[in-house]
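Novice: Residues per chain, in single letters:
Number of protein chains: 2
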Amino acid sequence: MEDIKIMVVDDEPRMRKLVKDYLVRSGYTVIEAKDGEEAFDRFVSIKNISLIIMDVMMPNMDGYEASAQIRKLSQVPIIMLTAKSSEPDELKGFALGIDEYITKPFSPKILVARVEAVLRRSNISQAESRVEAGGICIDLSAHSVTVDGKEIELSYKEFELLNYFIVNQGVALPRERILNNVWNYDYFGDARTIDTHVKKLRAKLGDKGSYIKTIWGFGYKFEV
Amino acid sequence: MEDIKIMVVDDEPRMRKLVKDYLVRSGYTVIEAKDGEEAFDRFVSIKNISLIIMDVMMPNMDGYEASAQIRKLSQVPIIMLTAKSSEPDELKGFALGIDEYITKPFSPKILVARVEAVLRRSNISQAESRVEAGGICIDLSAHSVTVDGKEIELSYKEFELLNYFIVNQGVALPRERILNNVWNYDYFGDARTIDTHVKKLRAKLGDKGSYIKTIWGFGYKFEV
DNA sequence: GATGAGTTTGATAAAACTGTGAAATCCGTA
DNA sequence: TACGGATTTCACAGTTTTATCAAACTCATC
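Protein chains in written order, with the numbering used here: chain F, 1100 to 1323; chain H, 1100 to 1323.
Check before you lean on any hint, since a few could be wrong.
Since copy identity is lost for identical chains, a pair holds within one copy or between any two.
With a Cα cut of at most 27 Å, we get these calculated BS3-like pairs of lysine-lysine [said to hold, decoys possible]: (1) K1320 / K1119; (2) K1312 / K1104; (3) K1307 / K1249; (4) K1256 / K1320.
Don't read these hints as lab results, they were simulated from the structure.
Produce the complete structure using the sequences and hints provided.
Specialist: Below you can see the structure in the form of structure tokens.
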């Protein structure tokens, strides 16, 4: 699964976090930078950044200067965040090949929509959200599971658990690891809880339930 | 998705914001300019402006003069805002190829209706102004919804919500994401708010209400 | 095959979540 | 300002899901 990396550049940590949250929630991987300088450095050192979202106003090196620097190396799409629409800025930006402007304050809708529009324009598509193994197909985005093409109903936890199994296909998973990943890392409950869920999963998977194998004294493994 | 860009020219920021808000809400992208001079400059520098809405009374270069300048370059439709209908002005305007007049004060309905009429006349159609799924048809520009051809009345929020569902057809939407997208990103309200709106939507959609599926412990999904 | 630790299973209790109606609040308009 | 519709909040009932427990069962080993 190829992640789409987006770099968010803003000197205000809060704004960075805000933008990051929306993007992460929409399935993107976010890299942060606190000013133009850091942005440039990280852009050079990290491969495959698909998009940069940058604030105009920043200390050290402002958004336009940073864009200009980056443009010398790459045609990576750049979205500029501006405090308010101001003419000379936009002209400057378009000259630099800024792809989009988002005026603060913005709604997440706008943000994600613009990001998607820009990525679409540059032919970068969202990573595949499907996992498959032995006729069991999980569609993350639709939150649905099919077994041999027939949809089955899973509860939230069952879904998470099955997904964890299939993503870690062929790997022996100790109970503790399952607890830490499917449940919360600070989950204090009984390890037997997993067993109960495994039981239900096996039942719902029918024949294919046997793909979830018990490893005695250790945990479980999903294997076709 | 190609956005239709409309330039709004008025020296009063409040009036500009008002007009902008209505247009943005109707799905247009708005570019602002504070007087005739700025309007001309921006029209030259920004590509694909589909329509200009301009106040007559402005400092520096008034609406008519700006129109005359722009007409030398382009036949872009122009709607003129006037304080009150006055005949000599209108004559002047029609000579310049002004497409429409709107007399202040105006209702948002009038504004959007005129805009759409003008765009229709010039064969510029709103991109993706219609969405359909399972017999539910949403007309973004008319802000109307039909179920099996019969129009139903939805409130603003209900409309937004339904639209969000249908645009994201088949995608499992966590509550949080719905809140962030249909409401604002800084919305801190009660999570039950969504439920209430979903309830109303389901009721108004009749049979088709069941297309909005509950995903336990997660959120909702629209699926036919 | 007896043994004991580990696992499955079903029953049941506990927790979490959703649907709903009604009340409160907000907002634009008359 | 009063009104009416839209929106939000709230409390609670009804469900679904999840956790826990204990008894039955399995497995590896002796």
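Novice: Please go over all the hints and tell whether each is borne out by the structure.
Specialist: Verification of the hints:
1. K1320 / K1119: Answer is between; shortest inter-copy Cα gap is 24 Å, intra-copy 32 Å.
2. K1312 / K1104: Neither. Shortest intra-copy (36 Å) and inter-copy (32 Å) distances fail the 27 Å Cα cut-off.
3. K1307 / K1249: This pair counts as both: shortest intra-copy Cα distance 13 Å, inter-copy 23 Å.
4. K1256 / K1320: Classified as both: same-chain Cα gap 17 Å, cross-chain 18 Å, threshold 27 Å.
Taken one by one, the earlier hints fail for this structure only at number 2.
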